[in-house]
Amino acid sequence: MRFTILLLLVFALPTRPANAQVDLAGEWSPRVYNDHMDIGDYTGIPLNEAGLLRAEAWHPDQLDLPENLCRPHPIDMGLRVSVSQLRITNELDNETRRPVGLRLKVAWQEPEQMIYLDGRPHPSANAPHKWSGFSTGRWERNTLVYTTTHLKEAYLTRTGVPKSPEATVTTRVHRYGNLLTIVFIINDPAYMTAPYIRESSWIADPNQVIPPFPCEMSPDGTIVPAGKVPSFLPGKNDVLSEFATEYGIPLEATLGGEETLYPEYIKKMKTMKVAPRTTTEHYRRTQ
Amino acid sequence: MEPHRIVLLVAALSLPLSAPVVAQGPAAPRGGASGTARALAPYDVTGYWVSEVTEKWRFRMLVPDKGDYVMVPLNPEGRKVANAWDPARDQASGEACRSYGAAALLQVPGRLHISWQDDSTLRMDTDSGTQTRLFRFGGPPSPNEAPSWQGLSVATWGGSEPRDRRDGFGGPVQDPTGRLVVAPQQQKEADYLKVVTSRMRPGYLQKNGVPYSGDALVEEYFDTFSDPYSHNTWLVVTTVVTDPRYLIEPLIMHAHFKKTPDASGWDPTPCRANEAR
Numbered sequence: 001m002r003f004t005i006l007l008l009l010v011f012a013l014p015t016r017p018a019n020a021q022v023d024l025a026g027e028w029s030p031r032v033y034n035d036h037m038d039i040g041d042y043t044g045i046p047l048n049e050a051g052l053l054r055a056e057a058w059h060p061d062q063l064d065l066p067e068n069l070c071r072p073h074p075i076d077m078g079l080r081v082s083v084s085q086l087r088i089t090n091e092l093d094n095e096t097r098r099p100v101g102l103r104l105k106v107a108w109q110e111p112e113q114m115i116y117l118d119g120r121p122h123p124s125a126n127a128p129h130k131w132s133g134f135s136t137g138r139w140e141r142n143t144l145v146y147t148t149t150h151l152k153e154a155y156l157t158r159t160g161v162p163k164s165p166e167a168t169v170t171t172r173v174h175r176y177g178n179l180l181t182i183v184f185i186i187n188d189p190a191y192m193t194a195p196y197i198r199e200s201s202w203i204a205d206p207n208q209v210i211p212p213f214p215c216e217m218s219p220d221g222t223i224v225p226a227g228k229v230p231s232f233l234p235g236k237n238d239v240l241s242e243f244a245t246e247y248g249i250p251l252e253a254t255l256g257g258e259e260t261l262y263p264e265y266i267k268k269m270k271t272m273k274v275a276p277r278t279t280t281e282h283y284r285r286t287q
Numbered sequence: 001m002e003p004h005r006i007v008l009l010v011a012a013l014s015l016p017l018s019a020p021v022v023a024q025g026p027a028a029p030r031g032g033a034s035g036t037a038r039a040l041a042p043y044d045v046t047g048y049w050v051s052e053v054t055e056k057w058r059f060r061m062l063v064p065d066k067g068d069y070v071m072v073p074l075n076p077e078g079r080k081v082a083n084a085w086d087p088a089r090d091q092a093s094g095e096a097c098r099s100y101g102a103a104a105l106l107q108v109p110g111r112l113h114i115s116w117q118d119d120s121t122l123r124m125d126t127d128s129g130t131q132t133r134l135f136r137f138g139g140p141p142s143p144n145e146a147p148s149w150q151g152l153s154v155a156t157w158g159g160s161e162p163r164d165r166r167d168g169f170g171g172p173v174q175d176p177t178g179r180l181v182v183a184p185q186q187q188k189e190a191d192y193l194k195v196v197t198s199r200m201r202p203g204y205l206q207k208n209g210v211p212y213s214g215d216a217l218v219e220e221y222f223d224t225f226s227d228p229y230s231h232n233t234w235l236v237v238t239t240v241v242t243d244p245r246y247l248i249e250p251l252i253m254h255a256h257f258k259k260t261p262d263a264s265g266w267d268p269t270p271c272r273a274n275e276a277r
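Protein chains in written order, with my numbering: chain A, 1 to 287; chain B, 1 to 277.
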C-alpha cells in the first residue's frame, strides 16, 4: 500500500506545468495611442441595444462621484490607459517555490492580475467578482493565452461604454523580441453582439520605474452634490451628437454596432445624412 | 522496501520526466535541412481575410482631416509635410497610391488574399487599392531593385530562438570542442511570421497625408488564432514603422482580419487619394 502511494507521488512530483515558453517577465513601456476619448464615440464597438442605452445614459460627472474617484479599471482596460506602464513577474508558490503563474501590475491605480498556469480551475460562478477577475492560462506554442472570468461590471471605454459582470476576456500575449503585443478578445453577450478585439503593444524597458499611484477620495458632496448621480435619461443626452458633428461623421455610424466594423460600411456611410460640422467644447478625456 | 532503496527508486523514476538533459548538439531544422519556407510554416496564413476595424475607426473608415495626426509620433518635419497634404495634387500627379504603400496598406479597410506564389514566396493581394505584396523567404533583397509602393519584403518564421536560462530550461552549453550547443529541450518551434520591408517609395501612414519617407523600415509580425467565442479564425498584424526622417520614435500599429471561406465581397478599387479605401 505504502509503495503504491509512493509510486503515485513519484509520478505526480516531476510535473512542470507553469514553466514559460518565453520570458515575459520584466518592465514594459506602453506605446498606447488612445482611442474612444470622446463622449458619443462608440465607433468600432459591436454594441447591442442594451449596451448603447447604457452608454448613452453615462454622464462624465459620474467620474467625480466619491466611489468612482479611486475606482480601478479591470486589467484589460487598465492596460490601455496612457499611463499603463506594465510589470510582469513570475509568481512562485510560497512553500514549494515552484512556478504557479505570472503577475501583471499596471501603473494607473496599480491594479494587479494573477494569471495561474498551474492547471487550477476557475472558481464557482457564485464566487465574488473582482476588478481583475480570475485568470487561468496556458501556452500555445510561444503565446501566452489566458481567460479571465469573475470581473466586476466596469467600463469598456473611458467614456462610459459598459462591460457587464458576465463578460469574459481571452487575452493573448506575444513577445516579438523587445516588443510585446497583447490582444484582448472581450466577449460580453449582455452588451455586445460579437467578440470585441483590440490590441496594444509595449517596448521592453529594463530601467522603467513604476511610481506609486496614491489616490484620495473626496468626501461625498465635495464635487458633485451629495446624493446626486449625474446621468442622461434615455433620449435626453444632448451632447451625444457632438462627436459626430465635430468630425463630420453620420451620427448613426458613431453609435457602433457590428455592421460598422467592416469595409462595406464605408459605402453605406456615403448614403447617410451628415449634420453640418461644428467645433464644440464637448467632453474629451485628456489621457 | 528499505527507505534508501525507495529514495533511489524515486530519484530514478523522476529523472526522465523532470530533469533537462544536457546538451545533445545542434539539432537539424524542423522539416529537414532541405525544408522549404512553405514546408516549415508553423501555421496556415493563406486564404481570404476581411478587415475588422475596432480601433482608430475615424482614421481608417473615413479620410481624416488635414492635420489630424494625433496618434502618430511625428517630428516637426513630418508635421510640416502632413500639413501640406493635397489629395487633388496626389491624384493628378499619379501619386494616389501613397496611402496604399506597405507601411499602411493593412490599415486600409478591405480584403486580403494570401497564397503561396512558390515554396519561398508568400503573396498578399488586397482589394483596396488593388495592391500586391510579396514576402520572400531566404535572404536579403537585391540592392538593385527600384523602390516601389510595396518595397522589398524579407520574410522569416520567427520565435524559434532557443530558450534561455530565464525560461527555466538552462542556457546553451559548450560541447567538448567548445561550441555552444542547444539541447532539444531548449529548442522552440517557430510560431509567427515576421516580415521586414524596405526600399519603399515615400507614402502615407494615414489617408490624410501623414508621411513616411523612402528611408522608412517596416517590421510586421503576423499571428493567427481561433477565438473561443465566435470560433472565427483571426489574423492579427503588429506593424512597427521606423522612420528617422519623419517620426520621433517608431510607430506601432495593429490590424486584425477575420478569415472568410471564399472571395465573396472582394471589391477591387483603384488607388484613390481622397477615399477611405
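Treat the hints as calculated values from the structure; they're not laboratory data. Quick caveat, the model's predicted, so the values are computed rather than measured. Quick reminder that beta carbons are idealized off the backbone N, C-alpha and C, glycines included. Be aware that a few hints might be false.
[Said to hold, decoys possible] EDC-like mimics (lysine to aspartate or glutamate), calculated; alpha carbons at most 16 Å apart, straight line:
1) A:Lys-270 with B:Glu-275
2) B:Lys-258 with A:Glu-259
3) B:Lys-66 with A:Glu-91
4) A:Lys-228 with A:Asp-61
5) B:Lys-194 with B:Asp-68
6) B:Lys-56 with A:Asp-35
7) A:Lys-152 with A:Glu-166
8) A:Lys-130 with A:Glu-153
9) A:Lys-105 with A:Asp-205
10) A:Lys-268 with A:Glu-258
11) A:Lys-130 with A:Glu-110
12) B:Lys-259 with B:Asp-227
13) B:Lys-188 with A:Glu-264
14) B:Lys-258 with B:Glu-219
15) B:Lys-258 with A:Glu-258
16) A:Lys-152 with A:Glu-67
17) A:Lys-268 with A:Glu-252
18) A:Lys-105 with A:Glu-91
19) B:Lys-66 with B:Asp-90
20) A:Lys-268 with B:Glu-275
21) B:Lys-258 with A:Glu-110
22) B:Lys-80 with B:Asp-68
23) B:Lys-188 with A:Glu-258
24) A:Lys-267 with B:Asp-267
25) A:Lys-152 with A:Asp-118
26) B:Lys-56 with B:Asp-44
27) A:Lys-267 with B:Asp-215
28) B:Lys-259 with B:Asp-125
29) A:Lys-268 with B:Asp-125
[Said to hold, decoys possible] Selected chain A positions facing chain B (in silico; Cβ < 10 Å):
30) Tyr-33
31) Asn-48
32) Glu-166
33) Glu-199
34) Ser-200
35) Asn-237
36) Ser-241
37) Thr-245
38) Ala-275
39) Thr-278
Hint check:
{"no.": "1", "hint": "A:Lys-270 with B:Glu-275", "verdict": "11 Å, holds"}
{"no.": "2", "hint": "B:Lys-258 with A:Glu-259", "verdict": "14 Å, holds"}
{"no.": "3", "hint": "B:Lys-66 with A:Glu-91", "verdict": "49 Å, violated"}
{"no.": "4", "hint": "A:Lys-228 with A:Asp-61", "verdict": "10 Å, holds"}
{"no.": "5", "hint": "B:Lys-194 with B:Asp-68", "verdict": "30 Å, violated"}
{"no.": "6", "hint": "B:Lys-56 with A:Asp-35", "verdict": "6 Å, holds"}
{"no.": "7", "hint": "A:Lys-152 with A:Glu-166", "verdict": "8 Å, holds"}
{"no.": "8", "hint": "A:Lys-130 with A:Glu-153", "verdict": "9 Å, holds"}
{"no.": "9", "hint": "A:Lys-105 with A:Asp-205", "verdict": "15 Å, holds"}
{"no.": "10", "hint": "A:Lys-268 with A:Glu-258", "verdict": "14 Å, holds"}
{"no.": "11", "hint": "A:Lys-130 with A:Glu-110", "verdict": "14 Å, holds"}
{"no.": "12", "hint": "B:Lys-259 with B:Asp-227", "verdict": "12 Å, holds"}
{"no.": "13", "hint": "B:Lys-188 with A:Glu-264", "verdict": "41 Å, violated"}
{"no.": "14", "hint": "B:Lys-258 with B:Glu-219", "verdict": "21 Å, violated"}
{"no.": "15", "hint": "B:Lys-258 with A:Glu-258", "verdict": "13 Å, holds"}
{"no.": "16", "hint": "A:Lys-152 with A:Glu-67", "verdict": "14 Å, holds"}
{"no.": "17", "hint": "A:Lys-268 with A:Glu-252", "verdict": "11 Å, holds"}
{"no.": "18", "hint": "A:Lys-105 with A:Glu-91", "verdict": "12 Å, holds"}
{"no.": "19", "hint": "B:Lys-66 with B:Asp-90", "verdict": "14 Å, holds"}
{"no.": "20", "hint": "A:Lys-268 with B:Glu-275", "verdict": "13 Å, holds"}
{"no.": "21", "hint": "B:Lys-258 with A:Glu-110", "verdict": "34 Å, violated"}
{"no.": "22", "hint": "B:Lys-80 with B:Asp-68", "verdict": "12 Å, holds"}
{"no.": "23", "hint": "B:Lys-188 with A:Glu-258", "verdict": "38 Å, violated"}
{"no.": "24", "hint": "A:Lys-267 with B:Asp-267", "verdict": "11 Å, holds"}
{"no.": "25", "hint": "A:Lys-152 with A:Asp-118", "verdict": "24 Å, violated"}
{"no.": "26", "hint": "B:Lys-56 with B:Asp-44", "verdict": "28 Å, violated"}
{"no.": "27", "hint": "A:Lys-267 with B:Asp-215", "verdict": "35 Å, violated"}
{"no.": "28", "hint": "B:Lys-259 with B:Asp-125", "verdict": "14 Å, holds"}
{"no.": "29", "hint": "A:Lys-268 with B:Asp-125", "verdict": "24 Å, violated"}
{"no.": "30", "hint": "Tyr-33", "verdict": "4 Å, holds"}
{"no.": "31", "hint": "Asn-48", "verdict": "14 Å, violated"}
{"no.": "32", "hint": "Glu-166", "verdict": "12 Å, violated"}
{"no.": "33", "hint": "Glu-199", "verdict": "4 Å, holds"}
{"no.": "34", "hint": "Ser-200", "verdict": "8 Å, holds"}
{"no.": "35", "hint": "Asn-237", "verdict": "20 Å, violated"}
{"no.": "36", "hint": "Ser-241", "verdict": "15 Å, violated"}
{"no.": "37", "hint": "Thr-245", "verdict": "13 Å, violated"}
{"no.": "38", "hint": "Ala-275", "verdict": "15 Å, violated"}
{"no.": "39", "hint": "Thr-278", "verdict": "14 Å, violated"}
Taken one by one, the earlier hints fail for this structure at numbers 3, 5, 13, 14, 21, 23, 25, 26, 27, 29, 31, 32, 35, 36, 37, 38 and 39, listed in ascending order.
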